[in-house]
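> If you read the sequences in order, they're chains A and B.
Mapping of the first sequence onto the working numbering: residues 67 to 445, in sequence order.
Mapping of the second sequence onto the working numbering: residues 349 to 795, in sequence order.
Honestly, the hints are just simulated from the structure, not real lab data.
Each residue gets a CB set at the ideal place from its N, CA and C atoms; glycine is no exception.
Misleading hints may appear alongside valid ones.
What the hints assert, rightly or not - Each computed DSSO-like pair below joins lysine-lysine, with the alpha-carbon atoms no more than 30 angstroms apart:
hint	chain 1	residue 1	chain 2	residue 2
1	B	421	B	576
2	A	251	B	407
3	B	353	A	251
Said to hold, decoys possible - Which bits of chain B does chain A cover? Going by a derived footprint, with three or more residues having C-beta under 8 angstroms, they are:
hint	stretch
4	411–423
5	427–438
6	617–631
7	726–738
8	770–777
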Amino acid sequence: MATETLTTPAPETPLVKQKFTNSTFMRLLRYTALRLVTLAITVVVGVYLTIMIANMGGYVDTIMRNEVTDNITQSIASNPAYRNMASSVREKLIKEKIANEVERLGLNQPFAVRSFRYLTNALTLNLGRAINMTSDHGSKQVRLILLERLPATLLLTGTSELILFFASVFIALSLSRRYGSWFDKLTIALSPTSAAPPWFYGIFFILIFAAVLRVLPFGGLVDSPPPVNKLAYGLNILKHLILPGISVIISSIFLSIYNWRTFFLIYSSEDYVEMAKAKGLPPRDVERRYILRPTLPTIITNFALLVITLWTGFTITETVFLWPGLGITLFRAIGFYDTPVIVGSTIIYAYMLALTIFLLDFVYALVDPRVKVGSGSSR
Amino acid sequence: MKKIKEWFRALWHFPSAVMGLAIIIFLLGVAAYALVTIPYKEAVRLWRGGEEVWYKNPKYAAPAWLNFFSTKKQPLSFTVDSEDGSMTKTVTANSADISTVDITYSFDYTYDGFPDEMILYFTPTIIKKFPFVSISWLTPDGRKIRIADMAVEYKATFRFSQDKKLQTRLNTENVMQALFADPKAETPTPLKGAYQLVISGTTFEAGSQIAAQFVFQGKLFGLAGTDKYRRDLLLPLLYGTPIALAFGLLAALGTSLLTMVIAAIGTWYGGWVDELIQRITAINMVLPFLAILIMVGTFYSRSIWLMLGIAILLSIFSGSIMTYRSIFVQSKESSYIEAARAYGASSSRIIFSYLIPRMIPLLIPALVSSVPSFVFLEASLAVLGLGDPILPTWGKVINDALGDGALYQGRYYWVVEPTILLMITGFGFALLGFALDRILNPRLRDI
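Looking at chain A on its own, in the form it has when it is part of the complex (with noise of 0.2 angstroms):
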């Protein structure tokens, strides 16, 4: 179907068409790369301004210093192996010490310098290690880290995220068809439901079903002890996968339904609706080519920075259901002053939203006839 909106039929002649081709191609390859070129300089800025706020420009760097400061000479004062020592050789170890952990955490550089070798580190994906931070099997490494917690992330945002989607577009769909029906009221009159966010929702499952029910659990990825069986494992995850599951999908599925639905009749009371249903076309087939081709953009568009967002979790979600996935982490790493793990949990956003905004033009293009790549640089 894709390939076939390529060869629509070009309006000129034969005769300037070799040399149209020419200049579009030209056309093409400078607009792409005007556009990488844009994109790639609002990755660097963008980056480079969560590297400044993730340091206050400059004021963590104290914080972190006085901490070292402070742990150092308390670690020392009260170590009954160092009492007997000299005043003066003790001062001298003090120094000695803070001097070396400085060094460690890259504070004898200074923040400038520093935060642009963040940057470079991070636009080569060479994540290197978190400062206080370590994964739950030690390593410091900020790439482990975060690896380490995406499967979680993933299962929940994955699965709420993707039946949230289809589901709030194929509803929407049958209620644009039986538009004023009894469900659509109701759809409609729930929308304002998504007012509120998927924790808040979450704490009245906890309530009811945990607390007062306690028939699912309270929170947490598996209980403890986990079961041996992989079979049960994979059982009593998906039981915690429950509630905060629900919480993600009724947190927003009414208004999702609205919008499209609302999207799907601004669509179907387009002229070339009235003149397919009048043609006598069954109502499948008026649904497929004159509503659903025309709106694939906008649904891929959709899907394509959903996909993205998956990435990031649900910070206050996954606190309020202690779901070890990436959003705790991230919440967890802010505590802990960790610029490269906050950092690094940006870059691959920031990275994904890019390359998808670029391929999203070419998509476009795929199926959508009207567009032509390139048409809008000379805007």
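Add chain B to chain A, keeping to what the hints say.
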């Protein structure tokens, strides 16, 4: 003006809009009441106050109205004082120096549970000699239990449950059960009927007096209950209303107005201004919104007003700037703008008098609909432990409750009360916003 009247008439046809409007007006009323009755400083003082402010309240008391829904009635908390006449006090002078002071209080106990604690606070007026008091307890079945005999030195506090002598005399650590239980019952059940607390004191010098305050800490307290620190939850529930509304409305207003003005300026001047605005919007999409708020809260300050400013700053350059821009691009070409340009209107005049007013029908629903998200944003930050350190807010109550395991321990009221208020607020604005959108947005008018 006529148009606004028309909108209001149209609103009337939407029951949901009327409901939303009613909720918002109710919330504004509550907010005004809270601000008038509790000054800002007083609210902060009470909220941050410890035992010295809240000593009269029981810990973890559920709200009093729970008794309506339960067949097992739990005791309510109360406080009586000998000085304001709520306890009977009679002073008889025996001689020039010595006089007896009798303070009694009788009350009907008709509950099915035992109270938490009973406390007596004595405030004597002493010149040289300490007065002496003996406390006794009369049960409905006629038993008289000796509680304590003590000299009242300065400000004295007598806690029934924690008095070791009383515990040994009653032969139990659970003093409340021993004082209220029916001795004939096999399982501990409270004996219902009239109880009497009798304090007979003696003062040994002229001018010496005894004042007593009897604090009865039951299982239930007030309209909203209390938390771990004995604080009356009515305070944060009431005072959280103006804060939530202020945060939501200010953020929504600031964000949507600034977004619109910036979009208008960008479209009008075009060129590099427009390009810059678009680039900033793209960069802003890369920045992690919640993470930045968390960072500011962790590293810098948790002040709610700083958070408000940053939330506005990060929300200005969002997707809606693009939506506005595409509409402005269209209206920039329309003939009335051309006419304005022809007679020499200045750029600022065109932007603020011609371009922006046309957008108000689109702005208002967007503004109203975005209020809940900001109200919930404040609560979300509080749930993460980044709530304002000094202000009583709904989110702080939820955070305290979750942190204390209120859901595990069955103290549901503590979580439910602020969440219901949040829900009502979110609903009110969302309902009104939806209806306004359907009235004012021409694309939706017939759908």
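> Give a verdict on every hint.
Verification of the supplied hints:
no., hint, in the structure
1, B/421 / B/576, "holds, 22 angstroms"
2, A/251 / B/407, "violated, 46 angstroms"
3, B/353 / A/251, "holds, 27 angstroms"
4, 411–423, "violated (count 0)"
5, 427–438, "violated (count 0)"
6, 617–631, "holds (count 3)"
7, 726–738, "holds (count 4)"
8, 770–777, "holds (count 5)"
Of the numbered hints stated above, those contradicted by the structure are hints 2, 4, 5, listed in ascending order.
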